[in-house]
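Peer 1: Sequence:
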Amino acid sequence: MTELILLKIGGSVITEKDVAEPTINTKNLRRICKEIAEAYKNNSFKLVIVHGAGSFGHPIVKRTGIHEGITRPDQVISFARTQVLQNILNSEVCQTLQEFNLPAIPIQPSASAIMDKKRLISFNHELIKNLLELSLIPVLFGVPAFDKSQKCSILSGDQIIVFLAKTLNPQKIIFASNVDGILGKDQNLIEEITEDNYDEIKNSLYDATYDDVTGSMAGKISELKNIIGIKSYLINGNKPDLIKKILQGKEVRGTIIEF
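Going by numbering that gives the first Met the number 0, the letters in the sequence shown line up with residues 0 to 258, in that order.
Please note that a few of the clues may not be correct.
Restricting the straight-line Cα-Cα distance to at most 27 Å, the calculated cross-link-like pairs of lysine-lysine (DSSO-like) are [claimed, not checked]: (1) 184 with 201; (2) 224 with 243; (3) 40 with 201; (4) 147 with 224; (5) 224 with 40; (6) 244 with 26; (7) 171 with 61; (8) 26 with 128; (9) 117 with 244; (10) 165 with 150; (11) 33 with 117; (12) 165 with 201; (13) 61 with 128.
FYI, nobody ran anything at the bench for these hints, they're computed from the structure.
These numbers were taken from a predicted model, which means no experiment stands behind them.
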(Lines of atoms letter the chains of each structure in order from A and count residues from 1; the text may use other names and numbers.)
(Lines give C-alpha, C1' and ligand atoms only; values in the text may rest on other atoms or scores of the structure.)
Protein backbone atom coordinates (compact mmCIF):
# COMPACT_ATOMS: atom_id res chain seq x y z
CA MET A 1 0.00 0.00 0.00
CA THR A 2 1.28 3.45 -0.92
CA GLU A 3 2.16 5.54 2.13
CA LEU A 4 -0.02 8.60 2.82
CA ILE A 5 1.62 11.61 4.48
CA LEU A 6 -0.07 14.73 5.87
CA LEU A 7 2.23 17.77 5.81
CA LYS A 8 1.36 20.94 7.74
CA ILE A 9 3.47 23.98 6.84
CA GLY A 10 3.22 26.84 9.33
CA GLY A 11 2.22 30.28 8.12
CA SER A 12 5.22 31.69 9.97
CA VAL A 13 7.46 29.71 7.60
CA ILE A 14 5.97 30.74 4.25
CA THR A 15 4.94 34.34 5.01
CA GLU A 16 6.76 37.34 6.44
CA LYS A 17 5.97 38.36 10.00
CA ASP A 18 5.62 41.89 11.37
CA VAL A 19 4.79 43.47 8.00
CA ALA A 20 2.16 46.06 7.17
CA GLU A 21 0.74 44.08 4.25
CA PRO A 22 0.38 40.32 3.66
CA THR A 23 3.72 39.18 2.26
CA ILE A 24 4.95 35.79 1.10
CA ASN A 25 8.38 34.57 2.17
CA THR A 26 9.25 33.68 -1.41
CA LYS A 27 12.67 32.24 -0.61
CA ASN A 28 11.28 29.80 1.95
CA LEU A 29 8.25 28.88 -0.17
CA ARG A 30 10.33 28.06 -3.25
CA ARG A 31 12.86 26.08 -1.22
CA ILE A 32 10.18 24.03 0.50
CA CYS A 33 8.35 23.32 -2.76
CA LYS A 34 11.63 22.20 -4.33
CA GLU A 35 12.31 19.90 -1.36
CA ILE A 36 8.84 18.37 -1.65
CA ALA A 37 9.37 17.83 -5.38
CA GLU A 38 12.73 16.15 -4.82
CA ALA A 39 11.21 13.78 -2.26
CA TYR A 40 8.09 13.13 -4.33
CA LYS A 41 9.77 12.51 -7.70
CA ASN A 42 9.53 8.71 -7.48
CA ASN A 43 5.82 8.89 -6.48
CA SER A 44 6.58 6.63 -3.54
CA PHE A 45 3.90 8.25 -1.35
CA LYS A 46 0.65 10.20 -1.50
CA LEU A 47 0.57 13.66 0.04
CA VAL A 48 -1.90 16.15 1.50
CA ILE A 49 -0.56 19.62 2.35
CA VAL A 50 -2.16 22.01 4.84
CA HIS A 51 -0.60 25.45 5.29
CA GLY A 52 -1.13 28.25 7.76
CA ALA A 53 -2.23 31.80 6.99
CA GLY A 54 0.57 33.81 8.60
CA SER A 55 0.42 37.48 7.60
CA PHE A 56 -2.45 36.74 5.18
CA GLY A 57 -4.81 35.90 8.03
CA HIS A 58 -3.69 36.57 11.57
CA PRO A 59 -3.50 40.41 11.46
CA ILE A 60 -6.99 40.94 10.03
CA VAL A 61 -8.50 38.28 12.29
CA LYS A 62 -6.94 39.80 15.42
CA ARG A 63 -7.87 43.32 14.36
CA THR A 64 -11.52 42.50 13.72
CA GLY A 65 -12.06 39.83 16.38
CA ILE A 66 -13.92 37.47 14.07
CA HIS A 67 -12.21 34.47 15.69
CA GLU A 68 -14.51 35.06 18.67
CA GLY A 69 -17.61 35.16 16.48
CA ILE A 70 -19.58 37.67 14.44
CA THR A 71 -21.45 40.11 16.67
CA ARG A 72 -21.33 43.30 14.56
CA PRO A 73 -22.38 44.01 10.95
CA ASP A 74 -18.89 45.29 10.03
CA GLN A 75 -17.39 41.89 10.86
CA VAL A 76 -19.24 40.25 7.98
CA ILE A 77 -17.09 41.94 5.34
CA SER A 78 -13.98 41.07 7.38
CA PHE A 79 -15.04 37.42 7.32
CA ALA A 80 -15.35 37.64 3.53
CA ARG A 81 -12.02 39.47 3.09
CA THR A 82 -10.08 36.81 4.99
CA GLN A 83 -11.36 34.22 2.52
CA VAL A 84 -10.01 36.23 -0.41
CA LEU A 85 -6.65 36.93 1.26
CA GLN A 86 -6.06 33.34 2.22
CA ASN A 87 -7.12 32.07 -1.19
CA ILE A 88 -4.45 34.36 -2.67
CA LEU A 89 -1.82 32.70 -0.46
CA ASN A 90 -3.16 29.23 -1.27
CA SER A 91 -3.02 29.99 -4.98
CA GLU A 92 0.60 31.14 -4.70
CA VAL A 93 1.53 27.98 -2.80
CA CYS A 94 -0.12 25.78 -5.43
CA GLN A 95 1.39 27.71 -8.34
CA THR A 96 4.86 27.36 -6.83
CA LEU A 97 4.37 23.63 -6.27
CA GLN A 98 3.23 23.31 -9.89
CA GLU A 99 6.37 25.12 -11.07
CA PHE A 100 8.24 22.12 -9.68
CA ASN A 101 5.90 19.78 -11.60
CA LEU A 102 3.84 18.76 -8.58
CA PRO A 103 0.10 18.13 -9.18
CA ALA A 104 -1.05 20.50 -6.44
CA ILE A 105 -4.75 21.36 -6.39
CA PRO A 106 -6.13 24.20 -4.21
CA ILE A 107 -8.91 23.35 -1.76
CA GLN A 108 -10.80 26.00 0.22
CA PRO A 109 -11.83 24.23 3.46
CA SER A 110 -14.38 26.85 4.48
CA ALA A 111 -16.42 26.05 1.35
CA SER A 112 -17.59 22.78 2.94
CA ALA A 113 -16.60 22.96 6.61
CA ILE A 114 -19.07 23.49 9.44
CA MET A 115 -17.87 24.46 12.90
CA ASP A 116 -19.71 24.47 16.22
CA LYS A 117 -18.30 26.16 19.33
CA LYS A 118 -14.92 26.48 17.58
CA ARG A 119 -14.72 22.78 16.72
CA LEU A 120 -14.86 21.23 13.25
CA ILE A 121 -17.91 18.96 13.04
CA SER A 122 -18.33 18.43 9.30
CA PHE A 123 -16.03 18.50 6.27
CA ASN A 124 -16.09 16.91 2.80
CA HIS A 125 -13.22 14.48 3.28
CA GLU A 126 -14.54 12.22 0.51
CA LEU A 127 -13.38 14.83 -1.99
CA ILE A 128 -9.85 14.61 -0.60
CA LYS A 129 -9.95 10.81 -0.93
CA ASN A 130 -11.07 11.07 -4.55
CA LEU A 131 -8.35 13.58 -5.43
CA LEU A 132 -5.69 11.37 -3.85
CA GLU A 133 -6.92 8.46 -5.95
CA LEU A 134 -6.24 10.63 -9.02
CA SER A 135 -2.65 11.13 -7.74
CA LEU A 136 -3.29 14.82 -7.06
CA ILE A 137 -1.86 16.67 -4.06
CA PRO A 138 -4.70 18.50 -2.24
CA VAL A 139 -3.50 21.76 -0.68
CA LEU A 140 -5.70 23.09 2.12
CA PHE A 141 -5.28 25.90 4.63
CA GLY A 142 -6.41 27.16 8.00
CA VAL A 143 -9.16 29.75 7.59
CA PRO A 144 -12.16 31.34 9.34
CA ALA A 145 -15.24 29.20 8.73
CA PHE A 146 -18.96 29.22 9.45
CA ASP A 147 -19.76 28.31 13.05
CA LYS A 148 -23.28 27.21 14.06
CA SER A 149 -22.97 28.72 17.54
CA GLN A 150 -21.13 31.99 16.89
CA LYS A 151 -21.38 32.46 13.11
CA CYS A 152 -17.60 32.37 12.63
CA SER A 153 -14.58 30.71 14.22
CA ILE A 154 -11.10 29.68 13.16
CA LEU A 155 -10.75 26.37 11.38
CA SER A 156 -7.07 25.91 12.20
CA GLY A 157 -4.68 23.85 10.14
CA ASP A 158 -4.19 21.62 13.19
CA GLN A 159 -7.92 20.84 13.36
CA ILE A 160 -7.91 20.05 9.64
CA ILE A 161 -4.95 17.70 10.10
CA VAL A 162 -6.64 15.85 12.98
CA PHE A 163 -9.90 15.53 11.06
CA LEU A 164 -8.12 14.18 7.97
CA ALA A 165 -6.00 11.84 10.08
CA LYS A 166 -9.15 10.25 11.50
CA THR A 167 -10.80 9.88 8.09
CA LEU A 168 -7.84 9.15 5.78
CA ASN A 169 -5.66 7.09 8.17
CA PRO A 170 -2.23 8.38 7.06
CA GLN A 171 0.99 6.62 7.99
CA LYS A 172 2.80 9.82 8.97
CA ILE A 173 2.01 13.43 9.95
CA ILE A 174 4.61 16.19 9.67
CA PHE A 175 4.40 19.68 11.18
CA ALA A 176 6.96 22.17 9.83
CA SER A 177 7.00 25.31 11.99
CA ASN A 178 9.55 27.99 12.91
CA VAL A 179 11.00 26.07 15.88
CA ASP A 180 12.90 22.78 16.17
CA GLY A 181 9.96 20.94 17.76
CA ILE A 182 8.40 20.94 21.22
CA LEU A 183 10.59 22.76 23.72
CA GLY A 184 10.64 22.58 27.52
CA LYS A 185 10.72 25.73 29.62
CA ASP A 186 14.52 25.46 29.59
CA GLN A 187 14.13 25.70 25.78
CA ASN A 188 15.73 22.29 25.32
CA LEU A 189 14.15 20.04 22.70
CA ILE A 190 11.75 17.36 23.91
CA GLU A 191 12.51 14.52 21.50
CA GLU A 192 9.48 12.34 22.19
CA ILE A 193 6.01 12.76 23.67
CA THR A 194 3.82 9.74 24.41
CA GLU A 195 0.97 8.84 26.73
CA ASP A 196 3.59 7.81 29.29
CA ASN A 197 5.26 11.23 29.64
CA TYR A 198 2.48 13.61 28.52
CA ASP A 199 1.17 14.44 32.00
CA GLU A 200 4.70 15.10 33.21
CA ILE A 201 5.60 17.60 30.49
CA LYS A 202 2.32 19.27 29.51
CA ASN A 203 2.67 22.06 32.07
CA SER A 204 6.36 22.65 31.46
CA LEU A 205 6.41 23.71 27.83
CA TYR A 206 8.15 26.74 26.35
CA ASP A 207 5.97 28.37 23.71
CA ALA A 208 7.64 30.96 21.50
CA THR A 209 4.97 30.44 18.84
CA TYR A 210 1.82 31.12 20.88
CA ASP A 211 -0.88 32.93 18.97
CA ASP A 212 -4.25 33.89 20.40
CA VAL A 213 -5.92 33.15 17.06
CA THR A 214 -4.79 29.59 16.42
CA GLY A 215 -3.46 28.56 19.83
CA SER A 216 -0.31 27.22 21.42
CA MET A 217 2.08 24.29 21.21
CA ALA A 218 0.26 22.79 24.20
CA GLY A 219 -2.93 23.15 22.19
CA LYS A 220 -1.29 21.39 19.24
CA ILE A 221 -0.33 18.46 21.44
CA SER A 222 -3.84 18.35 22.86
CA GLU A 223 -5.21 18.13 19.31
CA LEU A 224 -2.81 15.29 18.52
CA LYS A 225 -4.07 13.32 21.53
CA ASN A 226 -7.16 12.74 19.41
CA ILE A 227 -5.07 10.69 16.96
CA ILE A 228 -4.21 7.20 18.14
CA GLY A 229 -1.43 5.12 16.63
CA ILE A 230 -0.07 7.59 14.06
CA LYS A 231 3.33 9.19 14.52
CA SER A 232 3.54 12.97 14.21
CA TYR A 233 6.85 14.70 13.59
CA LEU A 234 7.40 18.35 14.55
CA ILE A 235 10.37 19.90 12.75
CA ASN A 236 11.80 23.30 11.83
CA GLY A 237 10.62 24.28 8.36
CA ASN A 238 13.07 27.18 8.25
CA LYS A 239 16.02 24.79 8.14
CA PRO A 240 16.96 23.56 4.65
CA ASP A 241 16.51 19.90 3.69
CA LEU A 242 14.60 18.80 6.81
CA ILE A 243 11.27 18.56 5.00
CA LYS A 244 12.83 16.64 2.11
CA LYS A 245 14.62 14.23 4.42
CA ILE A 246 11.63 13.45 6.60
CA LEU A 247 9.43 12.91 3.54
CA GLN A 248 12.07 10.43 2.39
CA GLY A 249 11.82 8.59 5.71
CA LYS A 250 15.15 9.80 7.08
CA GLU A 251 15.72 10.81 10.70
CA VAL A 252 15.90 14.54 11.43
CA ARG A 253 16.06 16.72 14.53
CA GLY A 254 12.63 17.34 15.99
CA THR A 255 9.92 15.96 18.26
CA ILE A 256 8.03 12.73 17.68
CA ILE A 257 4.52 12.53 19.14
CA GLU A 258 2.53 9.29 19.32
CA PHE A 259 -0.41 8.43 21.55
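Peer 1: Decide if the proposed pair is consistent with the structure: residue 224 and residue 243, CA atoms, cutoff 27 Å inclusive.
Peer 2: holds (26 Å)
Peer 1: Holds or violated: residue 244 and residue 26, Cα atoms, limit 27 Å.
Peer 2: OK: residue 244 and residue 26 at ~19 Å, within 27 Å.
Peer 1: Is the straight-line distance between the alpha-carbon of residue 171 and that of residue 61 27 Å or less?
Peer 2: The given pair, whose Cα atoms are some 32 Å apart, is violated under the 27 Å limit.
Peer 1: If you draw a straight line from the CA of residue 33 to the CA of residue 117, is it 27 Å or shorter?
Peer 2: Violated, because 35 Å separates the two Cα atoms, which is more than 27 Å.
Peer 1: Take a quick look at whether residue 224 and residue 40 sit within 27 Å of each other, Cα to Cα.
Peer 2: violated (32 Å)
Peer 1: Against the 27 Å threshold, does the CA-CA distance of residue 184 and residue 201 hold or violate the hint?
Peer 2: holds (11 Å)
Peer 1: Given the hint that residue 40 pairs with residue 201, does the C-alpha gap stay at or below 27 Å?
Peer 2: The given pair, whose Cα atoms are some 39 Å apart, is violated under the 27 Å limit.
Peer 1: Is the Cα-Cα distance between residue 147 and residue 224 27 Å or less?
Peer 2: holds (25 Å)
Peer 1: Check the hint pairing residue 165 with residue 150 against an upper bound of 27 Å on the C-alpha distance.
Peer 2: Roughly 25 Å separates the two Cα atoms, so the pair holds.
Peer 1: Run the distance test for residue 165 versus residue 201: straight-line Cα separation, threshold 27 Å.
Peer 2: holds (23 Å)
Peer 1: Would the pair residue 117 and residue 244 pass a check requiring their Cα atoms to be no farther apart than 27 Å?
Peer 2: violated (35 Å)
Peer 1: Residue 61 and residue 128 were given as a pair; does the straight-line alpha-carbon distance stay at or below 27 Å?
Peer 2: With a Cα-Cα distance of about 33 Å, the restraint between residue 61 and residue 128 is violated, given a limit of 27 Å.
The structure shown violates the earlier hints numbered 3, 5, 7, 8, 9, 11, 13.
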